[in-house]
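Colleague: Residue numbers (the working numbering), protein chains in the order written: chain U, 3 to 141; chain Y, 3 to 141; chain X, 3 to 141.
Watch out, some of these pointers could steer you wrong.
Simulated pairs of lysine-lysine, BS3-like, Cα-Cα distance not exceeding 25 Å [claimed, not checked]:
no., chain 1, residue 1, chain 2, residue 2
1, Y, 8, Y, 132
2, X, 132, U, 8
3, Y, 67, Y, 132
4, X, 67, U, 67
5, Y, 132, U, 67
6, Y, 132, U, 4
7, U, 132, U, 67
8, U, 4, X, 8
9, Y, 8, U, 4
10, U, 8, Y, 4
11, X, 4, U, 4
12, U, 132, U, 8
13, X, 67, X, 132
14, Y, 67, X, 67
15, X, 8, X, 132
16, X, 132, Y, 4
17, Y, 4, X, 67
18, Y, 8, X, 4
If you want the footprint, here are the derived chain Y segments under chain U, 3+ residues with CB under 8 Å [unchecked claim]:
no., stretch
19, 11-18
20, 35-47
21, 77-86
22, 91-98
No lab work stands behind these hints, which were simulated from the structure alone. Source: prediction; values computed, not measured. Yeah, the Cβ is synthetic: ideal placement off N, Cα and C, and Gly gets one too.
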Amino acid sequence: MKSYRKEVWINLPARRGFLNITPQVEACVRESGIQEGLVLVNAMHITASVFINDDEHGLHRDFEKWLEELAPEQPHSRYQHNLTGEDNADAHLKRQVMGREVVVALTQSRLDFGTWEQIFYGEFDGQRRKRVLVKIIGE
Amino acid sequence: MKSYRKEVWINLPARRGFLNITPQVEACVRESGIQEGLVLVNAMHITASVFINDDEHGLHRDFEKWLEELAPEQPHSRYQHNLTGEDNADAHLKRQVMGREVVVALTQSRLDFGTWEQIFYGEFDGQRRKRVLVKIIGE
Amino acid sequence: MKSYRKEVWINLPARRGFLNITPQVEACVRESGIQEGLVLVNAMHITASVFINDDEHGLHRDFEKWLEELAPEQPHSRYQHNLTGEDNADAHLKRQVMGREVVVALTQSRLDFGTWEQIFYGEFDGQRRKRVLVKIIGE
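Whole structure, please, built from the sequences with the hints as guidance.
Modeller: This is how it looks when you write it as structure tokens:
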């Protein structure tokens with residue numbers, strides 16, 4: 003069995019945003035030389051997500067609006083977590099809806115995807131450098 | 003290390019529905035001959051889910067009603083994604099709540115499940131042929 | 003390839019609660035002797051979750067309040083599942099928001115975590131003994 007590990011650094015300019023990281027994960031797959039296995043891609047931060055969905059800008063605006071309805075940022079005082087001096091309780095909740103990680107099949111040296119599947123980093127407390135972990139095991 | 007891959011085809015007659023696919027995944031496990039490892043089961047479409055919950059019809063009606071409350075289908079104009087000519091923005095959101103994939107332990111040639119765990123395909127934009135991927139790695 | 007399996011038993015005194023199980027998972031990693039691979043940690047019950055987030059008590063109260071807003075327990079009659087004699091339909095829904103499982107990279111004999119990542123068991127129908135499965139594969 004072979005294994006591969008890489009941290010991908012991300013820095014989004016706004017508090018919230020979505021970034022297609024499929025090219026970075028594909029580069030990891032190539033670098034690993036692994037042909038058959040599983041690829042884990044996870045946020046290393048608990049106010050961010052990695053998820054698979056559509057690379058369509060209107061949908062991303064729908065996600066933003068919808069997550070704000072489900073777990074509004076404001077007022078910060080609505081969350082007990084923010085009594086600690088933080089202002090990002092909503093980000094911890096939004097990340098639960100969108101998920102921490104994806105596991106993708108690796109088949110014949112490629113991400114084994116349906117037609118429209120793309121991997122996204124979802125940022126809910128940005129404007130600083132954060133990390134995504136790519137771990138691959140297989141042969 | 004051994005690996006196994008199969009696509010399971012599904013065609014649900016309504017826009018939304020849930021299908022217990024545990025028998026199909028168990029058949030994959032048997033066919034793989036793998037005794038110890040991990041089983042990844044994921045929707046290959048971004049308007050569908052694979053999840054583990056209870057095989058109880060009333061609960062599935064509760065899921066349907068609840069997901070419609072969290073991310074209503076109508077009016078289609080409420081979502082920017084639908085300005086592209088699509089009408090399935092709600093399906094992309096519902097799938098985030100229910101999840102894209104499950105990873106199940108494979109122990110002594112069997113899915114390593116608690117008493118009530120069953121694997122479901124959740125369709126949110128159906129009435130056409132769609133695929134679930136089963137990928138198994140182990141020994 | 004090596005594999006390891008352990009069931010971790012949990013018994014929370016209230017209907018709902020969160021328990022940091024990172025120490026138990028770390029003990030499994032040590033016991034397994036596996037250095038590189040993937041760690042699957044999943045609830046074996048469909049009214050409970052395993053998830054990764056922050057070990058901060060205020061945030062856990064925010065999760066409790068938020069999940070009650072998204073999928074209220076009461077009145078029990080609001081859910082068709084509860085017509086079967088159960089009273090835990092809300093627990094099945096809450097678990098979908100929080101997730102069934104996490105997959106964690108195992109690197110140099112350690113859980114490969116960001117600074118604040120901790121593994122939690124989320125109970126939504128407690129006051130009885132329940133199980134979490136830890137499955138590790140790697141080398």
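Colleague: Next, verify each hint and record whether it holds.
Modeller: Hint by hint, here is what the structure shows:
{"no.": "1", "hint": "Y:8 x Y:132", "in the structure": "13 Å, holds"}
{"no.": "2", "hint": "X:132 x U:8", "in the structure": "35 Å, violated"}
{"no.": "3", "hint": "Y:67 x Y:132", "in the structure": "23 Å, holds"}
{"no.": "4", "hint": "X:67 x U:67", "in the structure": "21 Å, holds"}
{"no.": "5", "hint": "Y:132 x U:67", "in the structure": "28 Å, violated"}
{"no.": "6", "hint": "Y:132 x U:4", "in the structure": "32 Å, violated"}
{"no.": "7", "hint": "U:132 x U:67", "in the structure": "23 Å, holds"}
{"no.": "8", "hint": "U:4 x X:8", "in the structure": "24 Å, holds"}
{"no.": "9", "hint": "Y:8 x U:4", "in the structure": "23 Å, holds"}
{"no.": "10", "hint": "U:8 x Y:4", "in the structure": "24 Å, holds"}
{"no.": "11", "hint": "X:4 x U:4", "in the structure": "12 Å, holds"}
{"no.": "12", "hint": "U:132 x U:8", "in the structure": "13 Å, holds"}
{"no.": "13", "hint": "X:67 x X:132", "in the structure": "23 Å, holds"}
{"no.": "14", "hint": "Y:67 x X:67", "in the structure": "21 Å, holds"}
{"no.": "15", "hint": "X:8 x X:132", "in the structure": "13 Å, holds"}
{"no.": "16", "hint": "X:132 x Y:4", "in the structure": "32 Å, violated"}
{"no.": "17", "hint": "Y:4 x X:67", "in the structure": "45 Å, violated"}
{"no.": "18", "hint": "Y:8 x X:4", "in the structure": "24 Å, holds"}
{"no.": "19", "hint": "11-18", "in the structure": "violated (count 0)"}
{"no.": "20", "hint": "35-47", "in the structure": "holds (count 6)"}
{"no.": "21", "hint": "77-86", "in the structure": "holds (count 6)"}
{"no.": "22", "hint": "91-98", "in the structure": "holds (count 5)"}
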